[in-house]
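Number of protein chains: 4
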Amino acid sequence: MLNVAIIGATGYTGLELARLLSAHPKVKISALTSESKAGMSYSQCFPAFKNKLDLELEALNPDTIAKKASLVFLCLPHQEAMEAAKDFLARGCRVIDLSADFRLSAAEVYEAWYGPHRCHDLLKEAAYGLPELHREQIKKARLIANPGCYPTSCILGLAPLIKGKWIDLKTIHCDAKSGVSGAGKKADPSILFCEVHEGVKAYKVGQHRHTPEIEQEISRLAGEKVMVSFTPHLIPMDRGILSTLYAQTIRPTDLKILHRLYEDFYKEEPFVRIRPSGEFPDTRDVRFTNYCDIGVHFDDRTGRVVIVSVIDNLTKGASGQAVQNMNLMMGFNETEGLDSTAPLP
Amino acid sequence: MLNVAIIGATGYTGLELARLLSAHPKVKISALTSESKAGMSYSQCFPAFKNKLDLELEALNPDTIAKKASLVFLCLPHQEAMEAAKDFLARGCRVIDLSADFRLSAAEVYEAWYGPHRCHDLLKEAAYGLPELHREQIKKARLIANPGCYPTSCILGLAPLIKGKWIDLKTIHCDAKSGVSGAGKKADPSILFCEVHEGVKAYKVGQHRHTPEIEQEISRLAGEKVMVSFTPHLIPMDRGILSTLYAQTIRPTDLKILHRLYEDFYKEEPFVRIRPSGEFPDTRDVRFTNYCDIGVHFDDRTGRVVIVSVIDNLTKGASGQAVQNMNLMMGFNETEGLDSTAPLP
Amino acid sequence: MLNVAIIGATGYTGLELARLLSAHPKVKISALTSESKAGMSYSQCFPAFKNKLDLELEALNPDTIAKKASLVFLCLPHQEAMEAAKDFLARGCRVIDLSADFRLSAAEVYEAWYGPHRCHDLLKEAAYGLPELHREQIKKARLIANPGCYPTSCILGLAPLIKGKWIDLKTIHCDAKSGVSGAGKKADPSILFCEVHEGVKAYKVGQHRHTPEIEQEISRLAGEKVMVSFTPHLIPMDRGILSTLYAQTIRPTDLKILHRLYEDFYKEEPFVRIRPSGEFPDTRDVRFTNYCDIGVHFDDRTGRVVIVSVIDNLTKGASGQAVQNMNLMMGFNETEGLDSTAPLP
Amino acid sequence: MLNVAIIGATGYTGLELARLLSAHPKVKISALTSESKAGMSYSQCFPAFKNKLDLELEALNPDTIAKKASLVFLCLPHQEAMEAAKDFLARGCRVIDLSADFRLSAAEVYEAWYGPHRCHDLLKEAAYGLPELHREQIKKARLIANPGCYPTSCILGLAPLIKGKWIDLKTIHCDAKSGVSGAGKKADPSILFCEVHEGVKAYKVGQHRHTPEIEQEISRLAGEKVMVSFTPHLIPMDRGILSTLYAQTIRPTDLKILHRLYEDFYKEEPFVRIRPSGEFPDTRDVRFTNYCDIGVHFDDRTGRVVIVSVIDNLTKGASGQAVQNMNLMMGFNETEGLDSTAPLP
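Chains as they are written, first to last, in the working numbering: chain A, 1 to 345; chain B, 1 to 345; chain C, 1 to 345; chain D, 1 to 345.
Simulated from the structure, these hints should not be mistaken for laboratory data. The model shown is predicted, which means the values in this text are computed figures rather than measured ones. Errors might be hidden in some of the hints.
[Unchecked claim] Ranges between beta-carbon positions, derived for each pair:
no.: 1; chain 1: B; residue 1: M40; chain 2: D; residue 2: D264; range: 55 to 63 Å
no.: 2; chain 1: B; residue 1: N51; chain 2: D; residue 2: R301; range: 46 to 54 Å
no.: 3; chain 1: C; residue 1: Y203; chain 2: D; residue 2: T335; range: 49 to 57 Å
no.: 4; chain 1: A; residue 1: P77; chain 2: C; residue 2: E125; range: 29 to 37 Å
no.: 5; chain 1: B; residue 1: N51; chain 2: C; residue 2: Q137; range: 43 to 51 Å
no.: 6; chain 1: D; residue 1: S277; chain 2: C; residue 2: V109; range: 20 to 28 Å
no.: 7; chain 1: C; residue 1: E125; chain 2: D; residue 2: K267; range: 55 to 63 Å
Even glycine gets a Cβ: it sits at the ideal position worked out from N, Cα and C.
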């Protein structure tokens, strides 16, 4: 059994890791940290875990934890994660960081969007943990930069078009809709039930910090610098991201060709499912699972392709993908512990 | 007092008209029709209306109703409304049709999207009931084609850019998100609570029948034929449409210029409110009201403008706009009966 | 025009008062206070009010405000309201207090449930603002203790049975279900969207502070001390309270008799509507309105009566009732400004 | 591997069985039936099952299915299930019936609430599938009457009090709140999203068909005929039932005693969890799981006990309990395939 620790176990990504890892056949959760709840058992804090995960929460102490765990998941805020990563790597642990601290390989880009970066060397070492694009690098990595939720859905949705050079790189629009859990569990009046229920809004229009992350990966695929429009919206539901992706094609094509492009691109992927022609996914189809489901449309009136990509923001968009990365790093079956089906309804 | 009738009073647009008109100071509701509920009082069917609107529902008989009402609102399905309109006009009534039957002035376009049109002459006569663009024509009309919900939010959001010739007409994307009431009140399993709650999906991608309506009005404004991408999405809430509108600008500009463009364009309009620079509306801000609230963003990295336009799909997107049209036709104050504030929360 | 002030205008009861009073034909809002938002206009804080209520928020200063307003609504936390009431009464204003500070006429009961009371004399003077039971006293009052939301629905639901001496006073159960806005607008993680959506829970079982308020009024009606079981539940919706009320009858009866009892008891009341026999209200029927709708059931198997009583917790359960009280105090028509119909859906 | 069939696989209980059984380590789903979707694969109908359960749906033919499956789950409407059960038993299959057809052991009670019963002999044979009360009988049964959702939550919540003779049997009140999935997946306008969202209502007050089922089991436990008040309410959420249960105690007691009563009663039960004193469960804690979580309160003012019992109506309230029953019948570990933790949020 692999001993793992969840650093910051009481937020939403920590909770989702706890749910997934406590059922993972090859893993033992040997430490859970929380500054505010240290001393309480996990199931005292979250009665849903009673008889499932009764371990006591402890304060973060890298020395203690590195003795108990050989792999740690960091569910810390941006800016705090980078030094924790350094501490654990120095003590011989592997690290999967769910924050943004190692996602942007160019320090200056990180600093423009997030603030100072104090571990430049690790920036270079970190593998961007999107297995569908970086599987081999992930397998060998000590440090994983687990992708953002919006980037996961947008990059997976756009990759076949970019790789296949089907679209005008100046015409990419990403219109994304997210459930509220993406905002985390913080005492912020703007995400109170009565402030988001029965409403939809766009936020951080043209300014969301996932923009450079999407652009980094799209640019890598394209082999040139690409900019996209990215607009996130808040939807009154707990979980799920649906990204509607638009681009202008640059040579004659049709739906059949583009649909096959997607099927071929992802045919070996265990967690990407392409919908039949004419069908589009609902976020409910992937809820609580590690799937990314994708629908493909070609509008021959305008020559535009429209892609609809859905994930669960806390699973494939965060903790599920982290477990997938762990599986790859440890040589486990990639789908181990990630094989549930979305409940309906 | 103006005597009016609501034809098809038990669906969602009928209910919203009943709510608005029963509180309108210059109107008396003198007839309500329903085939399935004829003989019941309105408040028996809808106890919320007890002591407000207790009138008995009757079957649709143009002769009887034309004697009681000088203006009729048609809340009938597409294809049924056209002949009802003809019947009431022939009996001297004014008609505001909330269906799509008279929205597309070219019969061949209507027929391509909806089916045969049997009242071609009236197609020419009908005024497209978007007061912000067609106020003078509406004032003189006998027959109003009340706009669709999505077109209302998209056209109002795009009009200043089109009129001002600020954008490349080949780059318009309309990504729209609607509450479930837009689907009407029909026994369709796909809109059961448990089929839409906790999920988001795109539907009729590239095929929604509001596309030609948006294109008709945008083309009129542009003075040339324009095509747009239009993707509707279903959101787990009762009411509201948020349209995120994207286009590439064709000459140097900045947010200040574009924001002022919107403020100037709508400065005399009682029902369009432009948000301050940097702010974007929530559908909750216009819920149950006739407002269209608009936020403006310019992305100088890509040269694209991003507009966020919100309405209540049943009010400004249907019945509220119908009342606004009635006010214009009858010479009432345009905001009469439409002056409520969205409740928060 | 009556000049009024809303003290604490940015919470949910303040917002609902702002909505109702800004549309009231006999009222002018002349002051709005907020400590944290002083200096901003109301519509800057709440864009839904743009063009409706653009007045600037100010810090609470009784001297300044008493010059501008002859009646003030207090939307302050318990314990803070009592001294504000005293201050405004001393300056000649009438006061409608939406907190609990003057609801419990026995100081010792208040102190057992809420903390020290520092204005005992005013406790005696205050009228309990439930017009259906205390209309004459309200008309003459300087100070109104506006009832709690749960008590309003429970007391109105039970009053005919108590007055008519139909039930065993030792068998009263009040099982109440409330939307989340009842918890107010505070940065409390337990009312985040993701903490209450898709769940129901009971809270403060046997310990909710509305218990003594229900018991006070029921005891007054009964002429003897009565205790009830009161269990509140949190429901994933914005607004509404549904109270299911149970009691054992003490002499032979039937549904017809009990239904008529309710119809007769409330036949002159503008804001209480009794459903036909066999029908029960939905909170949606009274949403955003000042109605209390009631359904009556008699179970002849067990001899128990079951009453279902619904209100909107922010309207009849708070701000709407406050406006009703103002209308009575000022000699306005009791329903003035409160005549809207619940929107459906 | 045990070969099983789901008869009526496209409704909500069928879907939940498909989810649970497709992940069960000792089971192979060998047949799925649907009259309307026969010929389609399960994952064509429900894309969430792609790569999980791609089996083709077939029409119901007992001969064919009995060859493929040795245990069948019946997810058919009441009145249809009884004959299907007979057919499968005659062909040597074990049967777990999720309808009400065999829940009421007295034919005349069934007939008073549901209609004619055409398999009286099987009524006697069927085991009432609530393992916490009837485990030994279930182990030996050929035919299981899987309990209703409301009865499961109410009976488990009341059993310790009844068995321990702590309460006055004439004072039991069951106030239950259910998510919308309990109404099934049928084209019924009253459960459209826009008809239930943002509202709560009571329904079938005093007339719900789960009443005699609760009374049957409570009476068995009490050893005498007991009647209860049972009021179900519809809550705007997908899943979950919370039952608040009230009764008058008949001898001196306190919270500590009653809390221990519950802990002792259920101490060996894998799927019943008692909350610590002073804590009460949320339906979210058991969502998608087979748990019943219970909170205990004693009100010493009134001498009443208040129990809060939560389940997922589709899991412990239907399909999860059916799997638990299958595990018992087949000698599998009782929790096999039922060990997931509720996702938060």
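Going back to the hint list, which numbers does this structure go against? 2, 3, 4, 5
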